[in-house]
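Residue numbers (the numbering used here), protein chains in the order written: chain A, 820 to 1139; chain B, 506 to 989.
It should be emphasised that the hints constitute simulated quantities derived from the structure, not laboratory data. Glycine included, each C-beta is placed from N, C-alpha and C at the ideal position. Among these hints, one or two may not hold up.
As the list claims (entries may be wrong) - When the alpha-carbon atoms are kept at most 30 Å apart in a straight line, the in silico DSSO-like pairs for lysine-lysine are as follows:
| no. | chain 1 | residue 1 | chain 2 | residue 2 |
| --- | --- | --- | --- | --- |
| 1 | B | K511 | A | K1100 |
| 2 | B | K862 | A | K994 |
| 3 | A | K998 | B | K893 |
| 4 | B | K721 | B | K511 |
As the list claims (entries may be wrong) - Some chain B residues well away from chain A (every beta-carbon gap over 12 Å; in silico):
| no. | residue |
| --- | --- |
| 5 | W508 |
| 6 | K540 |
| 7 | T564 |
| 8 | K638 |
| 9 | E651 |
| 10 | K678 |
| 11 | S750 |
| 12 | K782 |
| 13 | K788 |
| 14 | D797 |
| 15 | R810 |
| 16 | E829 |
| 17 | Y901 |
As the list claims (entries may be wrong) - Here chain B is said to cover these stretches of chain A; the calculated rule only asks that three of the stretch's residues, wherever they fall, bring their Cβ under 8 Å from a Cβ of chain B:
| no. | region |
| --- | --- |
| 18 | 824-831 |
| 19 | 975-988 |
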Amino acid sequence: MIAEIWVEKYRPKTLDEVVGQEEVVQRLKSYVERKNIPHLLFAGPPGTGKTASAIALARDLFGENWRDNFVEMNASDERGIDVVRHKIKEFARTAPIGDAPFKIIFLDEADALTADAQAALRRTMEMYSKTCRFILSCNYVSRIIEPIQSRCAVFKFRPIPAEAMKKRLLEICKKENIKIADDGLEALIYIANGDFRKAINALQGAAAFGEVIDAEAIYQITATARPEELAKLLNLALSGNFMEAREMLDKMMIEYGMSGEDIVSQLFREIVSSTMDEKMKVLLIDKLGEIDFRLTEGAHERIQLDAYLAYLSTLSKKKV
Amino acid sequence: MLWVEKYRPKTIKEVVGEKNVVEKVIAWAKGWSAKKKPLLLAGPPGTGKTSLALALANTLGWEVVELNASDQRNWQIIQKIVGEGAFNETISDEGAFLSTNEGKLKLIILDEVDNIHKKEDIGGERALINLIKRKPRQPLILIANEPYNLSAELRNLCEMVVFKRLNTRQIVKVLEKICVAEGIKADKKALEAIAKNSGGDLRAAINDLQAVAEGKYELRLKDVVIAKRTQETDVFKVMQKVFKSYNPAVYNEAMLLDESPEDFIDWIDENLPLEYKGVDLLKGYLVLSRADIFLGRVRRRQFYRLWRYASYLMTVGVQQVKSERKGGWTKYRRPSMWQMLFYTRGKRERLKKVLAKISKYSHLSTKKALAEMLFTVKFLLINEEIEKAAKIAAFYDFSVEDLNFLVGEERAKELEDFIKKHNLHRVDESVDVFDAFTIEKKEEKKEKKEKKKSKEKEEKDEEKSKKKGKKRKKSKDLTLDFFS
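Take the sequences, apply the hints, and build the full model.
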């Protein structure tokens, strides 16, 4: 069955299909020729093809039965390094299946691990390096401890260049038999900001939504498909409407299951990209940082966020 | 048998309570017609709201359908009764058509309406308002502890009757009657002690009496060793002192409450914005968020000693920052977080399962699945043509329950029918080869087995804990179990 979710349907099957990372792909392909890889560290923003490249690499190396010798783990989901190590042990214990020379363990979001956990991971990597290669992915190389960095070949993934993204999106449109207006394409590139997943999701949403895919359709779809409510929350609070803002916050936390950390991160993005006075932004960001710090120290998310909303709601009263 | 059930008034004459309250209700019932507004019985727990409604029906020979409005499962039933009972003319036992005057009326009692969702489509306040506006042809009584949690629109659609807490004398009278009926010789002082401790909650008093007196021939004052019931009134009193006065004795009073600082801070958080505005609100929150930091330190390191700083800051600290003494009376609220967490628990569990599937098949962490994929998937399931949507559902291996949660029952059924008809299912090219998968399979089987059991148990437990007013987990735990 073909996946009807386009991000899956158009996930690259081979390294040749990976878009917008020519340098990376070239180096990876030379590994395929030699049928050997060192440990790899993929670094770069979300949606730039890290996971896709890892899977494509495994496919190119192992052929049809790539799944037998490839395992994927997510450091931010697995409960602690012990679980990761246990899983790795289980997987690495047996010899590679078929004529594969080794197995590949792909550890996504490795920068979610604490420094201690990474140190433990490093030992694990060494222990199983005979049978296994590790591909770690992260957003920032600097968040990976040096001993691991030094054991890996580092690959930096850049935001997908607009031209490459355009080309790929047009291919998809052609295959799906849909028409996209020029300004629609521009809008996609703009909202995606180098993130392929975002672009493809928005494109599919807009295609399901209406016949004409123009800029308006794209903006509309990204507004409905993403929790744009953060902007609303911010505006409510800034206009002094504390109670309504708080109700909205409750809803996001409870019904959408967003954690305080999620909300703080999204607020950060929202404030930075908003049109408010830059000096004001600095104040808001500083306060937000304090709240975020408190959350990491174990404070109660709702009370801290309520406090932040109260802070925002008094700003308007001073201004008025 | 519980004495509260055994001695529930059978007729309206037996009901204890204020005369004019009872009279109002009788007047409403006697001249009842579909034109009349539904009755809204409002008041604290154990003041006889349900008893009065039941006794009323019994006296007038009405049938009773008693439902909990906050439970969404009940809404299907409610819709049915509204369809068959409330709007249609009544049909006699022999199947003959009777006009409403001749047929037996069905009294629909909707309990806990103050806990229904404000924004839900099904089973929400809006649905209730629509139901009332259609003028059901069966009498409807709504029951709520906190009528001011309801929207003004809903309140105005009803005739509200307010129940007050019972006084000690009224409660003692009832307890005396029960003792006589049970053949217990009771010291009046003992009964007074029970009554006082109940804080005007007759149900609590009867339960306490049963606990100390059942099976005895004599009840003396020294037999009455009952745990002091914490009442919301106590919490309210302390909050009043925090918000309205400058009296630092409130610190000691707060320590006597049966609420740990972890719980009490939720009360303050909930009600602070009702009292303080503007700069006061900001200052209040600055202190409160400091108090919370101490709580956080206790949580992380189990330094319970630090609780005193949290307690002091959240009481005296919040109290002292206000710019002026606040007058008047404020209607305080229970922490809404507790209730919401409780009622949305099923949803959160489901969301977790859905995210696990998206994360597995789209190679993402659950966090990213939530932030980047969930809304797209949901949108496509709803808006794509059925074939594509069904394939997406099959790709993620969504169960009917998952789909119900994501797209609502109607669309879920469409999708499910299509999937069955065309026999769509995952081709497991991308399944993990090792233990994660097998473990999950085992767990799924186990889950199915235990599902029935635990569901029943859960329902019971939920009811129990609801009655006790036991608190639910706080949001911190929410995220922990959410992403674990």
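Hints versus structure:
{"no.": "1", "hint": "K511(B) - K1100(A)", "result": "violated (65 Å)"}
{"no.": "2", "hint": "K862(B) - K994(A)", "result": "holds (27 Å)"}
{"no.": "3", "hint": "K998(A) - K893(B)", "result": "holds (18 Å)"}
{"no.": "4", "hint": "K721(B) - K511(B)", "result": "holds (17 Å)"}
{"no.": "5", "hint": "W508", "result": "holds (38 Å)"}
{"no.": "6", "hint": "K540", "result": "holds (35 Å)"}
{"no.": "7", "hint": "T564", "result": "holds (42 Å)"}
{"no.": "8", "hint": "K638", "result": "holds (25 Å)"}
{"no.": "9", "hint": "E651", "result": "holds (16 Å)"}
{"no.": "10", "hint": "K678", "result": "holds (43 Å)"}
{"no.": "11", "hint": "S750", "result": "holds (22 Å)"}
{"no.": "12", "hint": "K782", "result": "violated (9 Å)"}
{"no.": "13", "hint": "K788", "result": "violated (9 Å)"}
{"no.": "14", "hint": "D797", "result": "violated (4 Å)"}
{"no.": "15", "hint": "R810", "result": "holds (16 Å)"}
{"no.": "16", "hint": "E829", "result": "holds (17 Å)"}
{"no.": "17", "hint": "Y901", "result": "violated (8 Å)"}
{"no.": "18", "hint": "824-831", "result": "holds (count 3)"}
{"no.": "19", "hint": "975-988", "result": "violated (count 0)"}
When the structure is compared with the earlier hints, violations turn up for hints 1, 12, 13, 14, 17, 19 and for no others.
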